[in-house]
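Dock chain B against chain A, hints included.
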Amino acid sequence: MELREYQLLGENIHRHCLENGLEILVDVRPEYAKQFAFFATRYGGMHLRFHNEDGHWVDTPAGVAHFLEHKMFDSEEGNVLQIMAANGAVDNAFTAAAITGYYFECTRGFEENLRTLLSFVTTPYFTEESVAKEQGIIAQEIRMCLDDPDVEVYYQLMEAMYQNHPVRVRVAGSEASIAQITPEVLYRCHEAFYRPDNMVLCVAGSVDPQRVVELAREIVTHTGGGVGQADLGQKEPVQVAQSYVQREMPVSVPVFELGVKGTPAPEGQELRQQLVGELVCDVLFGASAPLYTKLYEEGLINSSFGGDYESVPGCAYLMAGGESRDPKAVRDAVLAEAQRLCREGLDPELWERLKKAAYGSMVRRLNSLEDTCIELAQNYFRGEEYLNFPQCFQSIEWADARAMLEQWCVPERVALSVVCPVGTGNQERWD
Amino acid sequence: MERFHKTLADGVELVMTRTNQFKTGVFSVTLTVPLRADTATAYALIPDVLYRGSRNHPNMESLSAATDELYGASLGPAVRQRGESQCVGFQCSFIDDHYALDGMAVLEPAFALVGEILLDPYTENGVFYQDFVASEGSNLADRIAARVNDKRGWSIFRLVQEMCAQEAYAVDKLGDAQTARSMTARELWDHYQTLLRTSRVTFYYGGSADVERVEQAIACSFAPLLSARQAPVACQVVDRPQSGEVREVTDVLDVTQGKLSLGFRTGGVVVNHPQFAALLVCNALYGGTAHSKLFTNVREKMSLCYFASSMLDKAKGLMVVSSGVEFAKFGVAKEAILAQLDAIRQGDFTQEELEAAIRSVVNALVSRKDSQGLMEDDGVSTALSGGDPTRPDDLAQQVEQVTHADVVAVAQMLALDTIYYLTGEEG
Numbered sequence: 001m002e003l004r005e006y007q008l009l010g011e012n013i014h015r016h017c018l019e020n021g022l023e024i025l026v027d028v029r030p031e032y033a034k035q036f037a038f039f040a041t042r043y044g045g046m047h048l049r050f051h052n053e054d055g056h057w058v059d060t061p062a063g064v065a066h067f068l069e070h071k072m073f074d075s076e077e078g079n080v081l082q083i084m085a086a087n088g089a090v091d092n093a094f095t096a097a098a099i100t101g102y103y104f105e106c107t108r109g110f111e112e113n114l115r116t117l118l119s120f121v122t123t124p125y126f127t128e129e130s131v132a133k134e135q136g137i138i139a140q141e142i143r144m145c146l147d148d149p150d151v152e153v154y155y156q157l158m159e160a161m162y163q164n165h166p167v168r169v170r171v172a173g174s175e176a177s178i179a180q181i182t183p184e185v186l187y188r189c190h191e192a193f194y195r196p197d198n199m200v201l202c203v204a205g206s207v208d209p210q211r212v213v214e215l216a217r218e219i220v221t222h223t224g225g226g227v228g229q230a231d232l233g234q235k236e237p238v239q240v241a242q243s244y245v246q247r248e249m250p251v252s253v254p255v256f257e258l259g260v261k262g263t264p265a266p267e268g269q270e271l272r273q274q275l276v277g278e279l280v281c282d283v284l285f286g287a288s289a290p291l292y293t294k295l296y297e298e299g300l301i302n303s304s305f306g307g308d309y310e311s312v313p314g315c316a317y318l319m320a321g322g323e324s325r326d327p328k329a330v331r332d333a334v335l336a337e338a339q340r341l342c343r344e345g346l347d348p349e350l351w352e353r354l355k356k357a358a359y360g361s362m363v364r365r366l367n368s369l370e371d372t373c374i375e376l377a378q379n380y381f382r383g384e385e386y387l388n389f390p391q392c393f394q395s396i397e398w399a400d401a402r403a404m405l406e407q408w409c410v411p412e413r414v415a416l417s418v419v420c421p422v423g424t425g426n427q428e429r430w431d
Numbered sequence: 001m002e003r004f005h006k007t008l009a010d011g012v013e014l015v016m017t018r019t020n021q022f023k024t025g026v027f028s029v030t031l032t033v034p035l036r037a038d039t040a041t042a043y044a045l046i047p048d049v050l051y052r053g054s055r056n057h058p059n060m061e062s063l064s065a066a067t068d069e070l071y072g073a074s075l076g077p078a079v080r081q082r083g084e085s086q087c088v089g090f091q092c093s094f095i096d097d098h099y100a101l102d103g104m105a106v107l108e109p110a111f112a113l114v115g116e117i118l119l120d121p122y123t124e125n126g127v128f129y130q131d132f133v134a135s136e137g138s139n140l141a142d143r144i145a146a147r148v149n150d151k152r153g154w155s156i157f158r159l160v161q162e163m164c165a166q167e168a169y170a171v172d173k174l175g176d177a178q179t180a181r182s183m184t185a186r187e188l189w190d191h192y193q194t195l196l197r198t199s200r201v202t203f204y205y206g207g208s209a210d211v212e213r214v215e216q217a218i219a220c221s222f223a224p225l226l227s228a229r230q231a232p233v234a235c236q237v238v239d240r241p242q243s244g245e246v247r248e249v250t251d252v253l254d255v256t257q258g259k260l261s262l263g264f265r266t267g268g269v270v271v272n273h274p275q276f277a278a279l280l281v282c283n284a285l286y287g288g289t290a291h292s293k294l295f296t297n298v299r300e301k302m303s304l305c306y307f308a309s310s311m312l313d314k315a316k317g318l319m320v321v322s323s324g325v326e327f328a329k330f331g332v333a334k335e336a337i338l339a340q341l342d343a344i345r346q347g348d349f350t351q352e353e354l355e356a357a358i359r360s361v362v363n364a365l366v367s368r369k370d371s372q373g374l375m376e377d378d379g380v381s382t383a384l385s386g387g388d389p390t391r392p393d394d395l396a397q398q399v400e401q402v403t404h405a406d407v408v409a410v411a412q413m414l415a416l417d418t419i420y421y422l423t424g425e426e427g
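In order, the protein sequence lines correspond to chains A and B. Residue 284 in the working numbering is what sits at position 284 of the first sequence, and the numbering runs on without skipping anything. Residue 411 in the working numbering is what sits at position 411 of the second sequence, and the numbering runs on without skipping anything.
Here chain A stands alone, though its shape is the one from the complex (with noise of 0.2 Å):
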């Protein structure tokens, strides 16, 4: 077992990798009352299309990476969440467009509930009779998704950003993209992506960590030759491809997300580049930048507003959204100002500030057992060690910044979604 130790952190993370493949970190934190684990397989709402062992590709459809992560809950002892929850454990689960992660956390009895937890979601069991009844269940969430305007404007973005990329997919899938979910291809998909060399597993709390080893190799024993290569669509084009979507909901005020379709970071890189775009965002529309101050003053946003770096493999973009009467006045402040910040430059104090604002809420975050183990693999998945983002944080000026900024923020990189009141369609502003 390797030890990475991070003295500015005063952190240390002891490291293992099974021989079949599975990744294992556990952040020891004696102080901690609870244990927290974390269960992640680089598998999400985006894999729709992938290379299988015979070399065929398979095309699945949408949701099905959520669909399994609900049904790996059942198993032939009965509801997991139920079995963690009598042993006092709190456990759940969560899809996104390139991860799936299992997680409890307890204060006691913990390696009995990462017995559970590794052997639930490596132990498929699927029948026709519950897929069919969590075919319902997820119909009603999806629909109850398709009344929430936050989600709707989200996913308009991500349709008139990218014209291939599947990160424009909704991660649930479509009531009838799911209503083709069979047994057999929930099969298939674990058999492809929760494989030992595709997944990690994150330990955070007072717990040994050579004990979450052993347990690991004792349940975790099946090998996986090699994950099969996804298909993330044909190549995307620079610019965005539709510049402005709109359409109508039940909202008191419009709602609105701004995406500036950016570069995704090359290999090693995605960190550096991550740190970078957050940055950005806080030089662009932060709380302490000046158009923060200027916009809410003149009433075009409130404190809704707050915009983030994101990423997943094969696209890289910001986002900010929130309520506003004139979104389209918003973004064309959002424009004018980066360009004005290329031209003039930025307060070299300002900069300092912002870089010192960033840092200590990195620090923060290791605060929260759950974060941290999330963090540590999502950027193991990346190829990066997140416990480096200090030296890395050091390593930024402002010339990265402003890279970015001369870079993405062009108007054919920016595309802006808007969610309106009912019957205000034609509108221009919504005053």
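No lab work stands behind these hints, which were simulated from the structure alone. From a predicted model like this one, the values you see are computed outputs, not experimental measurements. By construction, the Cβ of each residue, glycine as well, lies at the ideal position given by its N, Cα and C atoms. Be aware that a few hints might be false.
[Said to hold, decoys possible] Listed below are the simulated DSS-like cross-link pairs for lysine-lysine, each with C-alpha atoms no more than 27 Å apart in a straight line:
| hint | chain 1 | residue 1 | chain 2 | residue 2 |
| --- | --- | --- | --- | --- |
| 1 | A | K133 | B | K301 |
| 2 | B | K329 | B | K151 |
| 3 | A | K328 | A | K294 |
| 4 | A | K133 | B | K334 |
| 5 | A | K133 | B | K329 |
[Unchecked claim] Quick partial rundown of chain B residues pointing at chain A, CB under 7 Å, derived from the structure:
| hint | residue |
| --- | --- |
| 6 | E61 |
| 7 | H291 |
| 8 | V366 |
| 9 | S367 |
Showing chain B alone in chain A's frame:
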């Protein structure tokens, strides 16, 4: 981990948790007043207006620059309800000096910034700046109006309003939208002066600094608050339904899923009561976990509800069941929910169910120590309820001892008071 509780003046106290567990420190200042309909709006609005600007940092950009300089300290207004008290103030979290890349001390300037925002606001003509009052008044009104957007939260809120209509408890801690919109700078200023003069003051700090350093920083930045003030407000606990019969209330809204909420009085069992540990276990067994009777039977086996769970208000002595139900199944769902409670009252639950409930309560209590935010909330709440915030582990130990008979006894004290239906169909 060491805990401290000190009186700094009459009605002014410091609750503190010293630990090296976290990478940040948490600091809060809480001003507590009785929750009353005629003052709730003003007191809820004050922190929002203060947070718009101080004399030294007269706008948001400048304030935000000040928090950025403290390594992105997160600082914000807080309005809480504890029993029948309204607690307003600020919470701040900042990185521990140890992790500052340039070796600066962060604690003192963070306390000073909170003190400045609370005590030295940006003013015009000797009162708050009218623009800040108008725009935050309108934001607050929007927040109050937006309560209805979360239908689950709304159905609980409405149930409690109906159930406690004659009690201060039912007053919205945010106040009312109309008052928020019409508040003038002068009126708000007068409320602000009263708040500073009369409220009970609770400081909380959790982090690696020692008591002397914390006391010193408070003395430097909050001197005007360190004088004698009023005694704490007692919460009126209503042991059992007042009307004697169960009330039913129905609201109609444009919803696709119905909500059914049931409000119970706990027979006077509140925090610090000898039976409180049993009540926690009873709630977990009934509807507090994924292993509970409501989840297992009403949701999973009978498929009557999209969700069904129960929760407690430990200061007021309420238990609320919240569920999502198809309109057509309101009647059956209500019967099923009540039948599960009757089963507990009759002792119809296994040792295994009891142990699972105990484990989940203990887990929830013990793991609060891993969150600075929850420890702050516990520390402040316990001090306000007259409990001892230096002994939070006692409760977990009591929970471990809860027996089958204890749960039956406390379940028999629960009395149904009001049932609330949120439906999309008229009639």
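So, going through the hints one by one against the coordinates:
| no. | hint | result |
| --- | --- | --- |
| 1 | A/K133 <-> B/K301 | holds (13 Å) |
| 2 | B/K329 <-> B/K151 | holds (18 Å) |
| 3 | A/K328 <-> A/K294 | holds (16 Å) |
| 4 | A/K133 <-> B/K334 | holds (24 Å) |
| 5 | A/K133 <-> B/K329 | holds (20 Å) |
| 6 | E61 | holds (4 Å) |
| 7 | H291 | holds (4 Å) |
| 8 | V366 | holds (5 Å) |
| 9 | S367 | holds (4 Å) |
Going down the numbered hints, you'll see the structure goes against none, and every one checks out.
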